[in-house]
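Start from the sequences, fold in the hints, and give me the full structure.
Chains as they are written, first to last, in our numbering: chain B, 26 to 526; chain S, 16 to 533.
In case anyone wonders, no lab produced these hints; they're calculated from the structure.
You can take every hint at face value.
Within a straight-line C-alpha distance of at most 35 angstroms, the following computed DSBU-like cross-link-like pairs (lysine-lysine) qualify:
1. Lys44(S) x Lys461(B)
2. Lys532(S) x Lys445(S)
3. Lys328(S) x Lys461(B)
4. Lys44(S) x Lys398(B)
Predicted model, so just to flag it, every value in this text is computed and none were measured.
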Amino acid sequence: MLAWTIYISFLGALALLLLPKASTTAARVLALLVAVAGFGIALNAFLTHRTGELITVARHPWIPALGIEYHLAADGISLCLILLTGIVAITGILFSWNIERRTKEFFAFYLLLIGSVYGVFLSYDLFLLFVFYEIVIIPKYFLIAIWGSTRREYGAMKLALYSFIGSAMVLIGLIAAYVVAGAKSMSLDALAGYPFPLHFQMFAFPLVFVGFAILAGLWPFHTWAPTGHVAAPTAASMLLAGVVMKLGAYGCLRVAMTLFPLGLSPWGFHVLGFGSWRDVFALLAIIGIVYGAMVALVQKDFKFVIGYSSVSHMGFILLGLMTLNQIGISGSVVQMFSHGILAGLLFAVVGRMVYDRTHTRELAALGPMNLNKAIPFAAVTFVLAGMASMGLPGFSGFVAELMILIGAWHAFPILAICTGLGIVVGVVYVWRAMQKAFFAEHALASSHSPLPPISIPERLGAVILLATSIAIGLYPQMLLKIITPALNSPLFEGIRKGGWN
Amino acid sequence: MSTFPWITVLTTTPVAGALLLLAVGSRSKNLTRWLALIFSLAALVFTLALWHRFDPTSGVMQFQEQHAWIPALNIDYHVGIDGLGLLMLLLSSIVVPIGMAASWKIEERVPLYFALMLLLQSCLFGAFTALNFVHWFTFWELSLIPAFFLIKLWGGPRRTPAATQFLVYTMVGSIAMLLGFIALYLGTGKFDFIELAQLAQSGHLMPAVITALGIHRFMPHHVALLIFAGVFLGFAVKVPLIPFHTWLPSTYSEAPTGTTIVLTGAMSKMGLYGFLRILLPIFAPQMQAVLTPLLWLAVATIVLSAYSALAQKDLKRIFAYSSINHLGYCLLGIFAMAKFTGGDISLTTQKFAAMSGVLWQMFNHGLTAATIFWFIAMLEARCGGVRGLNDFGGLRKVAPVFTGLMGIALFSSLGLPGLNGFIGEFLIFKGSFPLVTWATSLSVIGLLLTAVVILGILQRVFSGPLNERWTAFPDLTTGERLALAPAIALMFTLGLYPQLILGVVNSTVIQMVQQLKF
Numbered sequence: 026m027l028a029w030t031i032y033i034s035f036l037g038a039l040a041l042l043l044l045p046k047a048s049t050t051a052a053r054v055l056a057l058l059v060a061v062a063g064f065g066i067a068l069n070a071f072l073t074h075r076t077g078e079l080i081t082v083a084r085h086p087w088i089p090a091l092g093i094e095y096h097l098a099a100d101g102i103s104l105c106l107i108l109l110t111g112i113v114a115i116t117g118i119l120f121s122w123n124i125e126r127r128t129k130e131f132f133a134f135y136l137l138l139i140g141s142v143y144g145v146f147l148s149y150d151l152f153l154l155f156v157f158y159e160i161v162i163i164p165k166y167f168l169i170a171i172w173g174s175t176r177r178e179y180g181a182m183k184l185a186l187y188s189f190i191g192s193a194m195v196l197i198g199l200i201a202a203y204v205v206a207g208a209k210s211m212s213l214d215a216l217a218g219y220p221f222p223l224h225f226q227m228f229a230f231p232l233v234f235v236g237f238a239i240l241a242g243l244w245p246f247h248t249w250a251p252t253g254h255v256a257a258p259t260a261a262s263m264l265l266a267g268v269v270m271k272l273g274a275y276g277c278l279r280v281a282m283t284l285f286p287l288g289l290s291p292w293g294f295h296v297l298g299f300g301s302w303r304d305v306f307a308l309l310a311i312i313g314i315v316y317g318a319m320v321a322l323v324q325k326d327f328k329f330v331i332g333y334s335s336v337s338h339m340g341f342i343l344l345g346l347m348t349l350n351q352i353g354i355s356g357s358v359v360q361m362f363s364h365g366i367l368a369g370l371l372f373a374v375v376g377r378m379v380y381d382r383t384h385t386r387e388l389a390a391l392g393p394m395n396l397n398k399a400i401p402f403a404a405v406t407f408v409l410a411g412m413a414s415m416g417l418p419g420f421s422g423f424v425a426e427l428m429i430l431i432g433a434w435h436a437f438p439i440l441a442i443c444t445g446l447g448i449v450v451g452v453v454y455v456w457r458a459m460q461k462a463f464f465a466e467h468a469l470a471s472s473h474s475p476l477p478p479i480s481i482p483e484r485l486g487a488v489i490l491l492a493t494s495i496a497i498g499l500y501p502q503m504l505l506k507i508i509t510p511a512l513n514s515p516l517f518e519g520i521r522k523g524g525w526n
Numbered sequence: 016m017s018t019f020p021w022i023t024v025l026t027t028t029p030v031a032g033a034l035l036l037l038a039v040g041s042r043s044k045n046l047t048r049w050l051a052l053i054f055s056l057a058a059l060v061f062t063l064a065l066w067h068r069f070d071p072t073s074g075v076m077q078f079q080e081q082h083a084w085i086p087a088l089n090i091d092y093h094v095g096i097d098g099l100g101l102l103m104l105l106l107s108s109i110v111v112p113i114g115m116a117a118s119w120k121i122e123e124r125v126p127l128y129f130a131l132m133l134l135l136q137s138c139l140f141g142a143f144t145a146l147n148f149v150h151w152f153t154f155w156e157l158s159l160i161p162a163f164f165l166i167k168l169w170g171g172p173r174r175t176p177a178a179t180q181f182l183v184y185t186m187v188g189s190i191a192m193l194l195g196f197i198a199l200y201l202g203t204g205k206f207d208f209i210e211l212a213q214l215a216q217s218g219h220l221m222p223a224v225i226t227a228l229g230i231h232r233f234m235p236h237h238v239a240l241l242i243f244a245g246v247f248l249g250f251a252v253k254v255p256l257i258p259f260h261t262w263l264p265s266t267y268s269e270a271p272t273g274t275t276i277v278l279t280g281a282m283s284k285m286g287l288y289g290f291l292r293i294l295l296p297i298f299a300p301q302m303q304a305v306l307t308p309l310l311w312l313a314v315a316t317i318v319l320s321a322y323s324a325l326a327q328k329d330l331k332r333i334f335a336y337s338s339i340n341h342l343g344y345c346l347l348g349i350f351a352m353a354k355f356t357g358g359d360i361s362l363t364t365q366k367f368a369a370m371s372g373v374l375w376q377m378f379n380h381g382l383t384a385a386t387i388f389w390f391i392a393m394l395e396a397r398c399g400g401v402r403g404l405n406d407f408g409g410l411r412k413v414a415p416v417f418t419g420l421m422g423i424a425l426f427s428s429l430g431l432p433g434l435n436g437f438i439g440e441f442l443i444f445k446g447s448f449p450l451v452t453w454a455t456s457l458s459v460i461g462l463l464l465t466a467v468v469i470l471g472i473l474q475r476v477f478s479g480p481l482n483e484r485w486t487a488f489p490d491l492t493t494g495e496r497l498a499l500a501p502a503i504a505l506m507f508t509l510g511l512y513p514q515l516i517l518g519v520v521n522s523t524v525i526q527m528v529q530q531l532k533f
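Encoded structure:
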């Protein structure tokens with residue numbers, strides 16, 4: 026059943042291309058229906074999931090000569106992310122209701138992107154995972170290059186190049202692992218169970234981890250993210266920050282860390298105070314948290330603020346992974362979900378509600394428009410989303426960051442205190458952006474024509490995302506009850522052995 | 016005891032009111048105001064009912080509700096009140112209607128204003144009843160949001176810097192506190208205040224935390240102090256303790272006066288509540304280790320804030336500094352209690368007096384400060400926002416009732432015997448003097464300075480020749496007299512019959528003093 030999330034998205038993309046050129050409304054409705062159907066399937070699987078279970082969705086030989094299978098399966102972690110994809114997909118369509126140029130192609134690319142994201146989260150064969158991972162890049166590129174705004178060709182190309190470099194690193198690592206393991210199977214289970222020699226893991230782990238982490242915005246490989254987000258049309262930045270960055274983080278956890286857990290063990294010597302790859306990546310993650318927040322603090326472009334805030338929040342995810350304890354990694358998965366929802370919402374406010382109406386993203390230019398009076402709904406949504414994003418209790422971000430901090434404190438006490446600095450700066454940059462964009466309180470310069478009111482689809486989308494964040498914030502057990510057992514499955518045994526507590 | 020979830024219902028009542036106000040929207044401003052007031056009065060009735068059902072002979076937590084919330088982190092939804100909690104609930108439900116009455120003249124975005132006030136009340140209720148750190152922290156942080164927007168959207172001319180300063184200061188304190196509590200959690204796996212306090216008293220808390228953190232490069236003693244410092248910072252900013260107070264005067268003076276009432280009347284008590292509920296039971300040994308600097312800070316808070324009040328010309332700023340001064344006495348009492356944590360019987364009486372005084376002062380500073388700011392709001396409404404100390408003069412000639420009633424509130428603030436303010440300061444001084452003689456003696460300077468401040472106000476605003484601008488100054492209307500009557504009556508009642516409050520907290524005070532054994 027879950028496999029249909031992929032199929033209907035691809036079928037929907039195909040059907041959209043077959044529609045007559047003029048039928049834009051039909052294209053929107055069709056895309057929305059497909060997204061809702063995908064979400065329905067995901068939600069059904071999420072609700073009926075028994076904890077700790079690995080659902081095998083499909084398993085057929087594909088290229089038997091190489092031991093490659095068409096193997097789809099889902100555990101608690103994939104289910105959370107599939108549910109996230111479903112929610113972000115629906116709201117992304119709601120927020121692109123106003124796309125008038127080449128509407129059906131837009132939604133066709135959109136559904137293609139969604140379908141392949143579902144594919145990555147469901148793949149249990151690494152070859153298959155890699156295929157879906159590569160397909161993602163294509164619609165992503167076109168969505169930005171055709172429908173984007175500021176420096177869209179540059180942004181799209183930079184994103185595509187970074188993605189390809191990352192994929193290439195992953196591919197080299199995976200092929201090496203495949204060969205070393207005897208070239209019999211590309212199955213995640215089989216490879217994760219294979220005892221790769223220590224020295225092999227020591228070089229394969231950073232290769233594959235960095236390959237995936239590029240897409241997760243690991244500092245200093247994050248520079249594609251702000252430019253890509255800014256260039257992308259609203260729905261694409263929502264998907265990009267909401268789910269595509271999660272693909273990278275998911276790959277780090279699901280592939281790099283399970284295949285090569287010994288790559289995280291100590292080198293046996295110290296260089297500049299680093300004793301293992303774990304130390305190195307944890308430090309990079311914390312630099313990302315603090316640096317992303319600091320840079321967001323000085324941006325003049327509203328969308329860049331959100332773009333850099335994503336770098337900062339993704340740093341939390343990577344830090345959570347590097348804690349190597351159950352609380353930290355669970356928190357990291359909750360943060361993937363939470364950031365997906367909140368980044369989507371923030372980009373929707375900035376890109377759709379504000380930019381499409383005012384045609385500027387300069388914080389200085391937005392101030393005199395008195396947006397909190399002109400579009401109060403956008404102001405309230407941004408305030409709530411901003412509060413959630415700065416990790417205020419009651420919203421999803423708090424639980425996630427709390428768990429990651431607890432995990433990090435176990436593993437790296439001093440670095441955890443630095444993370445506190447990142448949180449403080451996070452409060453300040455959200456507040457600064459909010460003040461400048463919505464509450465600047467200039468003398469009423471109402472020479473502007475009144476802005477169009479916030480439409481129904483926009484309201485609906487904002488309410489869905491906010492409600493999700495609050496629901497997770499108030500009752501995080503919803504996600505945790507399936508994440509934690511999944512982390513105790515045999516797949517993660519290697520990480521557990523390396524210092525789980 | 017019934018299983019009815021009293022506290023949950025109490026906490027959600029104002030939220031329901033806020034949602035209703037937003038749903039009704041801006042149809043009629045008066046309807047909105049009355050609806051808001053009715054909801055806050057309903058909360059007051061609810062709290063009184065709670066008081067009625069409360070068993071004052073027991074010092075343990077009552078009306079407890081406990082449900083698993085985030086099992087992965089061992090976090091429960093755990094609420095309950097003892098005498099301290101009940102006292103704070105009573106205070107919040109008295110102060111918020113006063114704040115609303117003082118905001119009657121707000122004309123812009125009325126539904127949002129009153130909805131935010133109600134949300135603030137919910138956060139106060141939540142923070143005063145939560146017994147689990149995460150649950151408590153949620154309300155502690157959420158309370159900043161309505162407060163921020165009340166200042167930001169309805170405040171005075173310099174509201175934006177004031178609101179931002181308020182938010183950033185408090186957030187920095189909160190994050191330091193969060194890190195401190197995470198450290199405690201790592202050592203114990205617990206977030207529950209009561210369980211943490213029990214561990215602390217048995218002496219197992221800090222060793223467990225230090226082992227779990229595994230920081231061998233530092234002395235264990237220093238690690239414990241560092242954790243204490245983080246948690247302490249969060250509360251010290253909120254109360255505030257000098258030198259963490261600089262956000263307060265501009266915040267109080269720029270906030271709309273109705274909001275200032277809630278900020279000083281109830282929200283500042285959240286910090287003191289934290290000192291009593293969290294710092295004293297869990298961190299008393301660490302407080303003891305740095306007691307001398309803490310006492311110096313308390314003395315500085317008391318004396319310098321009174322001295323600053325003397326130098327101010329704006330009535331709201333004067334009372335902002337005066338609030339710091341009054342809460343400084345509470346801090347003096349709290350630090351004095353931390354000096355001897357053994358089971359020495361001879362000191363128990365002193366600690367008992369100091370603790371009663373602290374609780375009394377928390378409640379009565381809230382009542383008195385709220386009433387004084389209410390008078391200032393009326394003054395502003397009559398004079399078009401003028402509130403300079405030297406802008407008035409001779410008001411008693413045109414407004415004798417106003418003068419008389421505000422005089423009572425001012426004398427209560429000064430600590431005149433027979434009014435409610437006296438008992439708190441008396442008990443704190445009585446209890447602290449034998450424990451920390453030098454600090455208490457120095458603090459007397461604060462009392463004298465406060466008297467000068469209050470008498471100065473009486474003289475410059477109400478006596479002397481009548482300022483020509485205010486010859487048409489209207490006296491209190493009948494409605495205003497009726498609204499003020501309960502507050503003034505309460506000042507007299509408590510001043511003459513302190514048992515009304517002391518009876519509620521007596522068992523709790525005994526329990527809290529007895530728990531101070533390490």
